[in-house]
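Next come the chains, spelled out residue by residue.
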Amino acid sequence: MTVAPTLNRVLAPLKASPQLALGAAALLGWVLLLALSGLLQTHDPQLGDLSQRFAPAGTADHLLGTDNLGRDLWSRVLSGLPWSVGVATVSCTLALLLGGTLGMCAAQFPGYPRNIINQLVDATLSFPGLVAAIIIVTVAGRGFWPLSITLGLLSWPVFARVVYAESLRLLAQDYVTAARVMAVSTPRILLGHLLPGLRPVLAVVFTFHFADMLVAESALSFLGLGAPLGVPTWGALLQESRDFLIVAPWLMVAPATAIALLVVSIHLLGDGLSALDRARQ
Amino acid sequence: MSGSASLLRIRGLCVDFPQSGRILHNVSLDAAEGEIVGLVGESGAGKTLAALAILGLIPAPGHVTGGKVFIRDRELTKLGEQALRPLRGRLAGFVFQDPLKSLNPVRRIGSALVESAMRHSGLSRKQARERAMEALRSVELANPESAMRAYPHQFSGGQRQRIMIALALINRPPLLIADEPTTALDASVQSRVLELLKRRAKRHTLLMITHDLALAARFCDRLYVMHGGRVVEHGPARELFSNPRHEYTRSLLDALPGRRTTAPMRSKHRKSREALAAVRGLTVRYRGAAQAAVENVDFAVHANETVCLVGESGSGKTTIARALAGVIRVDPEQLRFPSLNDDLPGAAVRARHLQMVFQDPYSSLNPRWPVERIVGEPIRTHRLCGRAEQKARVAALLGRVGLDPKQMDRRPAAFSGGQRQRIALARALAMNPRLLLADEALSALDIRTQARILALLRDIREERRLALLLITHDLALAAEVGDRVIVLRRGRIVEQGPASKVMNAPRHEYTRELLAAQARWRPENPGREGVRMYTPRL
Amino acid sequence: MILSGLAQRLARLAILLLGVNALLFVALGLAGDPALMLAGEDPTPELLERIRAEYGLDLPVWQRYLVQLGRMAQLDFGVSIYTGQPALSMALEQLPGTLLMAVLSMALTLITAIPAGVWIGHRPEAASRRFGAALTAVAQGIPGFVMALVLIQLFVVRLGWLPSLGYAQPAAWILPSISLGFFLAPKLCRVVSAGVAEAMQEDYIRTARANGASMRFILWREALPAALPAAVALVGTQFAFLVSGVVLIETLFLWPGIGLLLLHSAQNLDFPVLQAICFVVALLVFAVNNLADALLRLIDPRLRPATQ
Numbered sequence: 000m001t002v003a004p005t006l007n008r009v010l011a012p013l014k015a016s017p018q019l020a021l022g023a024a025a026l027l028g029w030v031l032l033l034a035l036s037g038l039l040q041t042h043d044p045q046l047g048d049l050s051q052r053f054a055p056a057g058t059a060d061h062l063l064g065t066d067n068l069g070r071d072l073w074s075r076v077l078s079g080l081p082w083s084v085g086v087a088t089v090s091c092t093l094a095l096l097l098g099g100t101l102g103m104c105a106a107q108f109p110g111y112p113r114n115i116i117n118q119l120v121d122a123t124l125s126f127p128g129l130v131a132a133i134i135i136v137t138v139a140g141r142g143f144w145p146l147s148i149t150l151g152l153l154s155w156p157v158f159a160r161v162v163y164a165e166s167l168r169l170l171a172q173d174y175v176t177a178a179r180v181m182a183v184s185t186p187r188i189l190l191g192h193l194l195p196g197l198r199p200v201l202a203v204v205f206t207f208h209f210a211d212m213l214v215a216e217s218a219l220s221f222l223g224l225g226a227p228l229g230v231p232t233w234g235a236l237l238q239e240s241r242d243f244l245i246v247a248p249w250l251m252v253a254p255a256t257a258i259a260l261l262v263v264s265i266h267l268l269g270d271g272l273s274a275l276d277r278a279r280q
Numbered sequence: 000m001s002g003s004a005s006l007l008r009i010r011g012l013c014v015d016f017p018q019s020g021r022i023l024h025n026v027s028l029d030a031a032e033g034e035i036v037g038l039v040g041e042s043g044a045g046k047t048l049a050a051l052a053i054l055g056l057i058p059a060p061g062h063v064t065g066g067k068v069f070i071r072d073r074e075l076t077k078l079g080e081q082a083l084r085p086l087r088g089r090l091a092g093f094v095f096q097d098p099l100k101s102l103n104p105v106r107r108i109g110s111a112l113v114e115s116a117m118r119h120s121g122l123s124r125k126q127a128r129e130r131a132m133e134a135l136r137s138v139e140l141a142n143p144e145s146a147m148r149a150y151p152h153q154f155s156g157g158q159r160q161r162i163m164i165a166l167a168l169i170n171r172p173p174l175l176i177a178d179e180p181t182t183a184l185d186a187s188v189q190s191r192v193l194e195l196l197k198r199r200a201k202r203h204t205l206l207m208i209t210h211d212l213a214l215a216a217r218f219c220d221r222l223y224v225m226h227g228g229r230v231v232e233h234g235p236a237r238e239l240f241s242n243p244r245h246e247y248t249r250s251l252l253d254a255l256p257g258r259r260t261t262a263p264m265r266s267k268h269r270k271s272r273e274a275l276a277a278v279r280g281l282t283v284r285y286r287g288a289a290q291a292a293v294e295n296v297d298f299a300v301h302a303n304e305t306v307c308l309v310g311e312s313g314s315g316k317t318t319i320a321r322a323l324a325g326v327i328r329v330d331p332e333q334l335r336f337p338s339l340n341d342d343l344p345g346a347a348v349r350a351r352h353l354q355m356v357f358q359d360p361y362s363s364l365n366p367r368w369p370v371e372r373i374v375g376e377p378i379r380t381h382r383l384c385g386r387a388e389q390k391a392r393v394a395a396l397l398g399r400v401g402l403d404p405k406q407m408d409r410r411p412a413a414f415s416g417g418q419r420q421r422i423a424l425a426r427a428l429a430m431n432p433r434l435l436l437a438d439e440a441l442s443a444l445d446i447r448t449q450a451r452i453l454a455l456l457r458d459i460r461e462e463r464r465l466a467l468l469l470i471t472h473d474l475a476l477a478a479e480v481g482d483r484v485i486v487l488r489r490g491r492i493v494e495q496g497p498a499s500k501v502m503n504a505p506r507h508e509y510t511r512e513l514l515a516a517q518a519r520w521r522p523e524n525p526g527r528e529g530v531r532m533y534t535p536r537l
Numbered sequence: 000m001i002l003s004g005l006a007q008r009l010a011r012l013a014i015l016l017l018g019v020n021a022l023l024f025v026a027l028g029l030a031g032d033p034a035l036m037l038a039g040e041d042p043t044p045e046l047l048e049r050i051r052a053e054y055g056l057d058l059p060v061w062q063r064y065l066v067q068l069g070r071m072a073q074l075d076f077g078v079s080i081y082t083g084q085p086a087l088s089m090a091l092e093q094l095p096g097t098l099l100m101a102v103l104s105m106a107l108t109l110i111t112a113i114p115a116g117v118w119i120g121h122r123p124e125a126a127s128r129r130f131g132a133a134l135t136a137v138a139q140g141i142p143g144f145v146m147a148l149v150l151i152q153l154f155v156v157r158l159g160w161l162p163s164l165g166y167a168q169p170a171a172w173i174l175p176s177i178s179l180g181f182f183l184a185p186k187l188c189r190v191v192s193a194g195v196a197e198a199m200q201e202d203y204i205r206t207a208r209a210n211g212a213s214m215r216f217i218l219w220r221e222a223l224p225a226a227l228p229a230a231v232a233l234v235g236t237q238f239a240f241l242v243s244g245v246v247l248i249e250t251l252f253l254w255p256g257i258g259l260l261l262l263h264s265a266q267n268l269d270f271p272v273l274q275a276i277c278f279v280v281a282l283l284v285f286a287v288n289n290l291a292d293a294l295l296r297l298i299d300p301r302l303r304p305a306t307q
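Chains A, B and C, in that order, give the protein sequences.
First residue of the first sequence: 0, per numbering that gives the first Met the number 0; consecutive thereafter.
First residue of the second sequence: 0, per numbering that gives the first Met the number 0; consecutive thereafter.
First residue of the third sequence: 0, per numbering that gives the first Met the number 0; consecutive thereafter.
A portion of the hints provided could be inaccurate.
Taking lysine-lysine and the DSS-like style, the derived pairs with C-alpha atoms no more than 30 Å apart in a straight line are [as the list claims (entries may be wrong)]:
{"id": "1", "chain 1": "B", "residue 1": "405", "chain 2": "A", "residue 2": "14"}
{"id": "2", "chain 1": "B", "residue 1": "405", "chain 2": "B", "residue 2": "197"}
{"id": "3", "chain 1": "B", "residue 1": "201", "chain 2": "B", "residue 2": "100"}
{"id": "4", "chain 1": "B", "residue 1": "125", "chain 2": "B", "residue 2": "77"}
{"id": "5", "chain 1": "C", "residue 1": "186", "chain 2": "B", "residue 2": "100"}
{"id": "6", "chain 1": "C", "residue 1": "186", "chain 2": "A", "residue 2": "14"}
{"id": "7", "chain 1": "B", "residue 1": "67", "chain 2": "B", "residue 2": "77"}
{"id": "8", "chain 1": "B", "residue 1": "390", "chain 2": "B", "residue 2": "405"}
{"id": "9", "chain 1": "B", "residue 1": "390", "chain 2": "B", "residue 2": "201"}
What the simulated footprint calls covered on chain B by chain C, stretch by stretch (three residues with Cβ under 8 Å from a Cβ of chain C suffice, anywhere in the stretch; the number is not a length) [unchecked claim]:
{"id": "10", "segment": "129-136"}
{"id": "11", "segment": "308-316"}
{"id": "12", "segment": "398-409"}
Since the hints were derived computationally from the structure, they do not count as laboratory data.
Since we're looking at a predicted model, the values are computed, not measured.
Note that the Cβ used here is the ideal one computed from N, Cα and C, for glycine as well.
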C-alpha cells in the first residue's frame, strides 16, 4: 500500500527534470558496475600474459587492450573503481559530518564560536588543498585510510561554509521565530526545522564534493601518492600510461574516459538536484 | 482634463501565456492628452501586463494574441521589436514599483540617464549631460551634480523613485506610465512623490496603476477597474467611487478601511485594568548599530483591548514585538507581565501567555511540513493534549479560522496568502494565549482578504477575550481598529492615547504629518464619526 | 571598515601560516630522525651527536618548535637538506615560472569564459545555448590533468604540432596554459552565464528595455556588469584551487615551477624547502585574494564604504 506513493515521490522529480533523470540513470549504471566489478572482470587484473603485451583496444580477448606486461586493461579499470569510490565516500562523509556540525554551530552560536570557525574555514580554503595533501600523504604514507582521512580533514570547510550560510538563512525564517515564540527547544528547532531544510543543499554539495574527491584521489594517485603500489586506480593507470604515450595510447584513453564519464554523470546528478532545489524555492 | 484629443487607445487587447492560457481578455482603454487615468485592481488582475503590452514589453513566453494599441493614431501592435525599440522611452516612459530593484545597482545614475538621452534624441554626450541634469532638477532632486555620479543604493527610497521618474521623462514622452509608484514607500514620502507626479502630469498624460482604490479616486480623472484579466468597469473617478455599478468594484469599496462592515475591532467587553504586558524604559541596541533600534519606550497592553503600534519602516515596531515575544533578550526590568504571578516567566509560561502572527505569510510556515504538523507544533511541544486527540484539535482550530480541516495533509504551497495567514493564526491560537501580537499581519494581503482576516480576528478576540497588539504602518487601519494608538518614530514613542484622540487631535507634529500625508490623496473624512477618516463621500 | 577587514585577513593569514607550520613540524617528527637524514651514510654516534647539537635537535620538542618559529618570523627557513641552498631562495627562484603559467592561463580563461558565459546566459533556454551549457558541463567534469594528457596525446604525439616539454620557447607555453585553463574556465563560464541569466530576469533590465535599449547594450552594459562581481569573487576564492592545478600541470609538463619543486622536496622529505614553499604559496594566494577583493569593491559600488 505504502510503496506506490513513496515510489511516486521518488519518481516525480525525475519526471520533472530530464537532467536529473539522466544523471540518476547514469549513476545507477555506475553503481551496477561497482557492485558487479568482480564478476565483470574477464582476467585477473594483476596477472600479465607476456605473449599478449600491448594488445590494442578491441582485440578479441581484450576489450580495452593490454599494457606493457600483457595485463587486461578492462579488468584493471574495473578493479580500480571500488578503491576510488571508497576513498571518495569516506572522505566526503567525514567532511560532511565535520563541516556540517561546525557550520551549524557557527550559525547557532554568534560571537566567539562563530568567529573562530569562520576564520578557520577561510584560512583553510585559502591554502591549495593539493599542496597540503601532497605533504601529509608523503609523511602519513599511501593507503586507503590515510588518504581518505587526509582528504576529509582538508575539505570540511567546503561543507561548513555552505551549511553556515544556509543555516543563517533558515534560522532567520519567520517559522523558526514562530517556533521560538512557542518556546520550542533549540535542539527541537535544529532537528525539526533546520536539518530538513539543509537537506537539499547538502545533497547538492555532497554530490559535487564527491566528484571533487574522486578527482583529488586520482590526481594524488597520478602523482604516485594516493593508492598503494599495485592497486590499479585510474590515477595510477594514467601515471603508468605516460611511459607508453606513443606505443599504446589506449592505456591513457581508457582510464581518462572512465574518470571523465564518472565525474560528468555525478555532475549531471548534482545539476539536476540543484535545479530541483531552485524550483522548490 | 486639458485636451480632449485621444493619446492612447487600446482596443480588445488579449495576451496569452503558453503555460497558463489567456491572461488578458479583451482589454480596451482610452487616455486623452493631459489626462490622468487610473488602472485599479488587486494583485494578479493583469494591470501591469496591460501596461507593458503597450510598447511590446510583455515578458518572454507571453505574447499579444489579439487587439490593437495606438498612441497618437500610430498602431504599435503592428510594429516589430526593431521598430518598437526607438519608440520606447520616446512615446511612453515607465516608472516601476520598486525603485531599488528597477535601477541597476552597479551603474551610476548619470550613466543611465545620459545613455538613454543619447540613444533617442541624438544628442552629443555633453548635451545629454545637460538634459540629464535638467531632468534631475525637474524631479526636484537636491544636488543633481553629485547625484549623477552616485549609485542607486546611496539614495533613499523616495529619491530613487524621483530618479526613476527623471529617467522615464528624459526623452519627453507624451505618456507616462507609473506602475504602483508609491507602494514601496513610506506614507510621508508617498505623498511627496504623488505631488511630484501630479505636477509632472500637467505636461504628460499619466497612466497610473495602483491597487489603492481610495488613492486612485482622488488622484485620477478616470478609472478602469480590472479583475481576472478583464476591465470590469470604467468611468470618471468620482462617479465610479460614489456609485459603482459592477459587483466587484462594490466589493473593493466595501473592503476599504472605514467602510468595511467588519470593523470596528473595539471590544464590547468591559475594559479591564489588568495589564497583560508592561514595557518600561525598553531600550534595544543591535550590535554594531550606531543608534538604538528602540529607546526608552513605555506602554502597557491590558486585557480585552486592541492596541495599535504605528510607525514607518525603521521605527522599531518589529523590534518591540520581538522583545515582547522573547525572541530578543532584554533587561527583565524593562519588560514585565504583571498578570502572571512571577515577573520573569519561563519560556513555556510566556508562550502560553502571548503568541504572534507574522507579516510574511510565505516565510512564517515551514514549507516542508503539512498543515497538521504546523498547527500541531505547539500542541506537541507543550503536550497540550494526547496524541490521539491532536488531530481533532487541529481540525477544530482550522475550522475556527475558516479553513477546511480536510486540507490538513497539504503543505503551505497549496494555500493562498490569506489562507496561510489563517493557518498561522490557528497555530497561534492553539496555545490559547491571552495576548496576540500581529506584526504587519495584514499588510501583505489584498484589501478584500485583509477585510476578511480582520473580521475573523475581531470575532476570535471577542470569543476568547483576547488582547490584541497590532503592529502596522497603516494609520488608517490603526484608526479603524484600535482602542489605543501608539505612534513610533525612530525607536521612540512620539504620541500615545485613545485612537479617536490621536486621530482627531494629534498633539505631536509627526502624527499630524502622517495623518496629512495619508489623507491628502484620499477622499476626505466627512466628519461623521471621528476616526473613520477614509469614509468616502456618498 | 577597510582597516578592520584587512586586520581580519592578516589574522587569517597568521592562523594559516601557524597551522601549516605546525603541520609540517608534526610531519617532520613523524618522518623519522632528521639527524640520520642529515648525516648521510654510515654515521658515527659522535657525528649524530654533533649534528643534533648543531641543529638544536637535542632540545625538548616545544623548545625546538619555538626556535624554528622564531627563525621563520625572521624569514629564515634554513637550508635544503638536499642541495644545501637557502630554502626560501630556492622557492622564490621557481616563482616566475609558476606565475607565467598562472597569468597566461588566467588570461586565456577570461577571454574564453566571459563571452561564452554571456552568450549562454542571454537565452539559456535556446537549443544552441543548451548545447553550449552541456559542453561546459562536460568540460567541467574532465579533470584538468586528464585533459592535459589528452592534449599531449593529440597535439604532441599524434599531430606533432607542439613541443610538450620545456619553457624556453613560447610554443611550449601553449599546452600548459590551455590545460591549466581547464581548471577554472568551465566554472567561470557557468558562473557568468548563471549571473547573466539571473540579471536578465531583474527589474532593471525591464527598465532598460522600457527605455529602448538594444539587446546588445542590455547584455554587455547592464547584465554583464551585474554578473561580474560573482565572477571576480569566484576567481578570488578559486585561486587556491588553481594553484593545486599548477602543481599537477607542472609535474606533467616538467615545467620548472614551484609545483615541481614541491613534489621533489616532498619525495626527498626536504622540510626546510617545504616550509618555504608553503610560505610563498600562502602569501601568493593571500595577495591574489586581496587583489580580487579590491577589484570587487571597484566593480560593485555596494561594497564600498558609504560616502554620501
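Outcome of the hint check:
As the CA atoms of residue 405 of chain B and residue 14 of chain A are separated by approximately 28 Å, the hinted pair is consistent with the 30 Å bound. This hinted pair does not check out: residue 405 of chain B and residue 197 of chain B have alpha carbons roughly 51 Å apart, beyond 30 Å. Under the criterion of a C-alpha separation no larger than 30 Å, the hint pairing residue 201 of chain B with residue 100 of chain B is consistent with the structure, at around 28 Å. Taken as a hint, the residue 125 of chain B and residue 77 of chain B pair is broken in the structure, with Cα atoms around 35 Å apart against an allowance of 30 Å.
Simply put, residue 186 of chain C and residue 100 of chain B have alpha-carbon atoms about 27 Å apart, close enough for the 30 Å limit, and the pair holds. This hinted pair checks out: residue 186 of chain C and residue 14 of chain A have alpha carbons roughly 27 Å apart, not beyond 30 Å. In summary, the hint linking residue 67 of chain B to residue 77 of chain B is supported, as the alpha carbons are separated by about 8 Å, within the 30 Å threshold. Between residue 390 of chain B and residue 405 of chain B, the direct Cα distance comes to roughly 11 Å. Compliance with the 30 Å bound is thereby established for this hinted pair.
The suggested pairing of residue 390 of chain B with residue 201 of chain B is violated, with an alpha-carbon distance near 62 Å, which exceeds 30 Å. Taking a C-beta to C-beta cut-off of 8 Å, the segment 129-136 of chain B contributes 0 residues in contact with chain C, too few for the three needed, and the coverage statement is violated. With a threshold of 8 Å between beta carbons, the proposed coverage of the segment 308-316 of chain B by chain C is violated, since 0 of its residues qualify and at least three are required. Under the rule that three or more residues need a Cβ within less than 8 Å of chain C, the assignment of the segment 398-409 of chain B is violated, with 0 such residues.
Of the numbered hints listed earlier, those contradicted by the structure are 2, 4, 9, 10, 11 and 12.
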